[in-house]
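K.L.:
Numbered per UniProt numbering, the sequence shown spans residues 1 to 156.
It should be emphasised that the hints constitute simulated quantities derived from the structure, not laboratory data. Beta carbons: idealized from backbone N, C-alpha and C, even for Gly. Warning: the hint list may mix true and false statements.
Cβ pair distances, simulated, as ranges [claimed, not checked]:
{"id": "1", "residue 1": "P136", "residue 2": "D6", "range": "32 to 38 Å"}
{"id": "2", "residue 1": "T124", "residue 2": "K148", "range": "18 to 24 Å"}
{"id": "3", "residue 1": "K31", "residue 2": "L144", "range": "53 to 59 Å"}
{"id": "4", "residue 1": "R27", "residue 2": "L100", "range": "14 to 20 Å"}
{"id": "5", "residue 1": "R27", "residue 2": "I3", "range": "37 to 43 Å"}
{"id": "6", "residue 1": "Q53", "residue 2": "A18", "range": "19 to 25 Å"}
Simulated pairs of lysine-lysine, PhoX-like, Cα-Cα distance not exceeding 25 Å [claimed, not checked]:
{"id": "7", "residue 1": "K73", "residue 2": "K112"}
{"id": "8", "residue 1": "K120", "residue 2": "K148"}
{"id": "9", "residue 1": "K78", "residue 2": "K112"}
{"id": "10", "residue 1": "K148", "residue 2": "K112"}
{"id": "11", "residue 1": "K140", "residue 2": "K117"}
{"id": "12", "residue 1": "K33", "residue 2": "K73"}
{"id": "13", "residue 1": "K120", "residue 2": "K140"}
{"id": "14", "residue 1": "K117", "residue 2": "K148"}
{"id": "15", "residue 1": "K127", "residue 2": "K148"}
{"id": "16", "residue 1": "K117", "residue 2": "K127"}
{"id": "17", "residue 1": "K127", "residue 2": "K140"}
{"id": "18", "residue 1": "K127", "residue 2": "K112"}
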Amino acid sequence: MAIIGDVRRFSGPEKLVAYVGLNPGQRDSGKDKRIKLGVGRRGRGDLRHLLIQGAQAVLRAGAQTTLGQWGWKLFARKGHRHIAVAAVARKLLVQVWHVLSDHPPQALETSKSVTLKLHKLAVTLGKSLRVQLGLPAQLKPCLLELQKRFLQPSAT
1 MAIIGDVRRF SGPEKLVAYV GLNPGQRDSG KDKRIKLGVG RRGRGDLRHL
51 LIQGAQAVLR AGAQTTLGQW GWKLFARKGH RHIAVAAVAR KLLVQVWHVL
101 SDHPPQALET SKSVTLKLHK LAVTLGKSLR VQLGLPAQLK PCLLELQKRF
151 LQPSAT
């Protein structure tokens, strides 16, 4: 957050990605010649390096995460690890934008995983604490209410 500052100054996640320099560059030369460039030395290098290291860790974890699985499929399709690492770093940064903008980060977890975590939360809270928090006392309606609160985008 110290590097990004107020996230509201970026109208969308693609603006933040461009600010950090994780978007692939391109040059147009002439009528039909479009030269594609990789992620270069544009934008905030300090944050870009941290995100690249995080993406490397996600890919090292491999099939343990949904994002890691996606990254390895991209690597297998493209044939270059650096492309997959930059793409995973870009996805991580997009999730950072969503979290800082008060949007739920759904793309990093499957709905089954989130549902299981919410179920564990509701059980851990217990019936009396659920009622104190304004949640239904019964477990199933409580789970539905938690899903509605946490998984629906906010209207603000």
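K.L.:
Taking the hints in turn, state whether each one holds.
P.N.:
Going through the hints against the structure:
For the pair P136 and D6, the beta carbons lie near 37 Å from each other, so the given range of 32 to 38 Å is met. Between T124 and K148 the beta carbons are some 19 Å apart, a value that agrees with the proposed interval 18 to 24 Å. Taking 53 to 59 Å as the suggested C-beta distance range, the pair K31 and L144 conforms, at roughly 57 Å. For R27 and L100, the hinted distance range of 14 to 20 Å is not satisfied, since their beta carbons lie about 32 Å from each other.
A C-beta distance of roughly 27 Å is found between R27 and I3, which places it outside the suggested range of 37 to 43 Å. For Q53 and A18, the hinted distance range of 19 to 25 Å is satisfied, since their beta carbons lie about 20 Å from each other. Simply put, K73 and K112 have alpha-carbon atoms about 21 Å apart, close enough for the 25 Å limit, and the pair holds. Restraint check for K120 and K148: satisfied, since their Cα atoms lie roughly 16 Å apart, inside the 25 Å limit.
Restraint check for K78 and K112: the C-alpha separation of about 29 Å exceeds 25 Å, so the hint is violated. In summary, the hint linking K148 to K112 is supported, as the alpha carbons are separated by about 15 Å, within the 25 Å threshold. Of the pairs offered as hints, the one joining K140 and K117 holds, with about 14 Å between alpha carbons and a cut-off of 25 Å not exceeded. Note on K33 and K73: the hinted pairing is violated, with a Cα-Cα distance of about 29 Å set against a maximum of 25 Å.
Proposed proximity of K120 and K140 is supported: the alpha carbons are some 12 Å apart, at most 25 Å. Straight-line distance between C-alpha atoms of K117 and K148 comes to about 14 Å, which keeps the hinted pair within the 25 Å bound. Annotation: proposed proximity of K127 to K148 holds, straight-line Cα distance about 19 Å (limit 25 Å). For the hint linking K117 to K127, the alpha-carbon distance of about 17 Å falls within 25 Å, and the restraint holds.
Annotation: proposed proximity of K127 to K140 holds, straight-line Cα distance about 12 Å (limit 25 Å). A C-alpha spacing of about 23 Å is found between K127 and K112, which places the hinted pair at or below 25 Å, so the restraint holds.
Consistency with the previously given hints fails for numbers 4, 5, 9, 12, ordered from lowest to highest.
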